[in-house]
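A.B. asks: Listed below are the residues making up each chain.
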Amino acid sequence: MKSKLITLLLLAALVFGAGAQAKEIRVLVANHPYGDLLKQYIPEYEKATGVKVNVESLQESQLTTKLTTEFATNSSSADVFMTRPLQEGKMFYKNGWYEPLTSYDFSDYPESAMGVARFGNKPYLVPLVTEWQVLYYRKDLFKKAGLSVPRTFAELEAAAKALDSTDISGFASRGKGAAAVTQLSSYVYNYGGKYLDKGVAVFDSKEALDAIRFYGKLLALYGPTGVTSMSWENIMPLFQAGKVAMWTDASVFFGQIVDPAKSQVTAADVGIANLPAGPKASNPFFVVSWGMAVARQSKNKAQAMDFIKWATSADLAKKALGGASIPMSRNSAWADPAVVAKANPELVASQAFAAKNGNPFDRPYMSAVGNARDLIGEVIIESINTAGTSQKLADLAKQKVKQVNELLEDTGEYGMY
Amino acid sequence: MRTSATKRILFFLLMLCIAVPVLFPFLWMLSSSFKTQVDIVAWPPRIIFSPIIDNYIRVFAEQNFLRYFKNSLIVGLCAVGFSLLLGLPAAYSIARFKQKKLSVFILVARLMPGISFLMPWYIIFSRLRLMDSYVALILSHMLIALPIVVWIMSSYFESIPLEMEESAMVDGATRQKAFLSIILPIATPGIVTSITLSFIFSWNNFMFSQVLSMEKTKTLPIAVYNFVSYAEVDWGAVMAAAVAIMTPAIILTMIFQKYVVKGLTMGAVKG
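Here the protein sequences line up with chains D and R, keeping their order.
Residue numbers 1 to 417, in this note's numbering, belong to the letters of the first sequence in order.
Residue numbers 418 to 688, in this note's numbering, belong to the letters of the second sequence in order.
Treat the hints with care, as some may be off.
Taking lysine-lysine and the BS3-like style, the derived pairs with C-alpha atoms no more than 25 Å apart in a straight line are [to be verified]:
#1 D:Lys-47 x R:Lys-633
#2 D:Lys-139 x D:Lys-39
#3 D:Lys-309 x D:Lys-122
#4 D:Lys-23 x R:Lys-633
#5 D:Lys-402 x D:Lys-194
#6 D:Lys-39 x R:Lys-675
#7 D:Lys-144 x D:Lys-161
#8 D:Lys-299 x R:Lys-633
#9 D:Lys-52 x R:Lys-633
#10 D:Lys-198 x D:Lys-402
#11 D:Lys-398 x D:Lys-280
#12 D:Lys-194 x D:Lys-280
In short, the hints are calculated from the structure, not lab data.
The following block holds chain R by itself, in its conformation from the complex:
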């Protein structure tokens, strides 16, 4: 009885040790987003303050952040969607036909620093008059999403016993049919994992949007800089914008968390 109580206390302390450093910046951000500029820079920091919502008003009313939300959402969802369309069959093929070279090739594309793609992309997209278009942004963000989908899913597909589709094919299904109606439903946790991860990476991407987007298709991470001007930073609004940007990602992660963990470990063990 005693030991279990001590254990629980120790466990709690350990949790605290991890949670505090992880949550501290987040809490600081959250509290700052409700503070005036004076309270934000006050030293020592003010734990008790009278909260204001002016920062959020500046973010949503004056800067119209909903427009940037829409842009990020369109780009993220389309990039992930098209990546699934191309990536799932590719991953299946890599898993079943042992196309290791292909998978390494895709990984290399991901490992190359993104900035090395930017110049050629800029030339191509501007010649095609696709600057400041969703097409250019979606295509560029597929560079982020597609490798994630392929890598998570190919090891996931490998972990699914071959017998599953073989028995379907014995019963007269084509390989395509077996893939669509047997393999994909089994692979749902893996698919959810890759959707979540690739969407978050696309959501947070700064570099591609910085160069390829202009006023019309500006995405959220770029828009935060609307509050950073020459020799002046509007910290309250930056914090409020950061909270607003993080919220959807956090909600998404919370909903799909158990899939993510499961999907990742499935791939990791069997990969």
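Here chain D stands alone, though its shape is the one from the complex:
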């Protein structure tokens, strides 16, 4: 009897002892160049710390589905994960899925990036990767037409008109409703408008409507056929095939359009410039597309904190920017001349401009962002279909504003910011 008890106690001690020592964390990353970079360096981290890191890599919408299911059922085993602040940040925070990162040193991050990392007065996620809106253009076509790179929207329209031919579209940008919302945002800002102002939808203002009309007109007159069903997946191949003269989209695509293995256009013929200025301003979006967070439900918070500090370190950020051209959020990465020297100078210049003048949101920043994007998308499509001349546009926008405001009220975000 006694010996049995001792065996049992010993066994229990063994199990618990092993439990305390089993240093293992589960990390979910997106199919993203930075996720690939992490996977490459994680063995070094494991060696140095003795913590075993189980990495799962998922496509971004699968990642969101998976995290949402795990957290909502309160049965997640995730410790650290990559997250999209503008798309899911607010919802994750409101549901209490992010662990506050009070012991993390955020002094190396631009203030605009911290705007989406902080809720209340506590930071909840580490900004990882940024992107900003740029104008990609074909240097050879501009040279042939004797044009210079447009600096204003008026010049942009003139250039689009001059470069447009039966074979080549003068101008392209996303036209597919919800997907176009992010790319339209900079146009709205440059016209002096906004999607949301202090937690209230205002994209039916004159400024915003002017921007939507201008965007619709450019795409209808000089855009590729079928542009209302095109997102970046459709426009990038056209640009790579040499069928587009100018394309406004996020800076993240630069690498792929100058890669000879992917593009028919010679790299030397591809230029990257700041988005032209609008009548009121020049504030392209400059957003944190990816961040990293610790799960509130994590059972290994100490290890998770240690991991996230390593995974978002300045050292790795420099390796990512210098080695893999990933536009990192950390200031120190962009301040290091040895790192920046490896990047394309035009890209670096556009980053500097956007970091200084950029708007930290490229979409209505709210929990129900998906629904709101669908609603705004309808206004964009109407504008493109009528080349910006629609009589109904103002009424349509007013109606959608009302619906977006209802969404904001549903989640208690109306008038809050």
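Use these hints to put chain R onto chain D, whose structure you have.
C.D. replies: Below, chain R without anything else, positioned relative to chain D:
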């Protein structure tokens, strides 16, 4: 003579009308899987190009797709196998004892959107520590396979004359014995049909595996997304993976095609 020639030409044209739209995406996929990214996005599309096998190398060597094949195969075969084990007797009982309510109940389980099962399953499987296990995936895929088996087989069993088993029972066989050695062999075409259909549905299922599997038990439809990353799609590899995934399903269908058609019509007419 003339008319029959015209008829044949017309028939051929009609065939072409149907075959071209059906086969076009498939051919596009097949040709793209041998193209470079530049050739894939080229406009106008390149009919003549120098084929490469790099896409397949990325799929099988770099991503180790054979592992995902193994996962899909284990899940599909086990789910179908267990579904037959439970579904065949159930279908027989429904057919012979007119348990219509039961069959409707099973159909309802199939008609409910799969996503409504996912949350409860996730809670149960994670509490049981069955996440990322074959058990969880096989059980979930039985939701796909079992109703197919029951529905095809119950109408199939109904079409088999009652006299067959009655005469066996007169000769002293039990009902179980009659079921096993008389009814099941007669029902082979129906069984093959239900195996083929339920296996293909399990093979293609995305939703259940997406949530219930992780790295170890990832199935093929999920693994295709390994080639879709943020702001970048590796079309060549996606196409190559799609070809690889479709091939077993196509072979299976071709082998069992005549059974499938026969089995389906048997059920349909007599059901």
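A.B. asks: Does each hint fit the structure? Answer for all of them.
C.D. replies: Evaluation of the provided hints:
The straight-line distance between the Cα atoms of Lys-47 (chain D) and Lys-633 (chain R) is roughly 23 Å, inside the 25 Å bound, and the hint therefore holds. Distance check on the hinted pair: Lys-139 (chain D) and Lys-39 (chain D) sit about 37 Å apart at the alpha-carbon level, beyond 25 Å; violated. Distance restraint check for Lys-309 (chain D) and Lys-122 (chain D): the Cα-Cα separation of roughly 17 Å lies within the 25 Å cut-off, and the hinted pair is therefore satisfied. Using a Cα cut-off of 25 Å, the hinted pair Lys-23 (chain D) and Lys-633 (chain R) holds, with the two alpha carbons roughly 20 Å apart.
Proximity of Lys-402 (chain D) to Lys-194 (chain D) is assessed by CA-CA distance (about 15 Å); at most 25 Å being required, the pair is judged to hold. For the hint pairing Lys-39 (chain D) with Lys-675 (chain R), the CA-to-CA distance comes to about 49 Å; that exceeds 25 Å, so the pair is violated. For the suggested pair Lys-144 (chain D) and Lys-161 (chain D), the alpha carbons sit about 14 Å apart, so the restraint of at most 25 Å is met. With a CA separation close to 22 Å, the supplied pair Lys-299 (chain D) and Lys-633 (chain R) stays within the 25 Å bound.
Among the hinted pairs, Lys-52 (chain D) with Lys-633 (chain R) is consistent with the structure: their alpha-carbon atoms are about 16 Å apart, no more than 25 Å. Taking the CA atoms of Lys-198 (chain D) and Lys-402 (chain D), the gap is about 15 Å. The hint holds against a cut of 25 Å. About 22 Å separates the Cα atoms of Lys-398 (chain D) and Lys-280 (chain D), which keeps this hinted pair within 25 Å; it holds. Straight-line distance between C-alpha atoms of Lys-194 (chain D) and Lys-280 (chain D) comes to about 12 Å, which keeps the hinted pair within the 25 Å bound.
Hints 2, 6, counting from the list given before, are not met by this structure.
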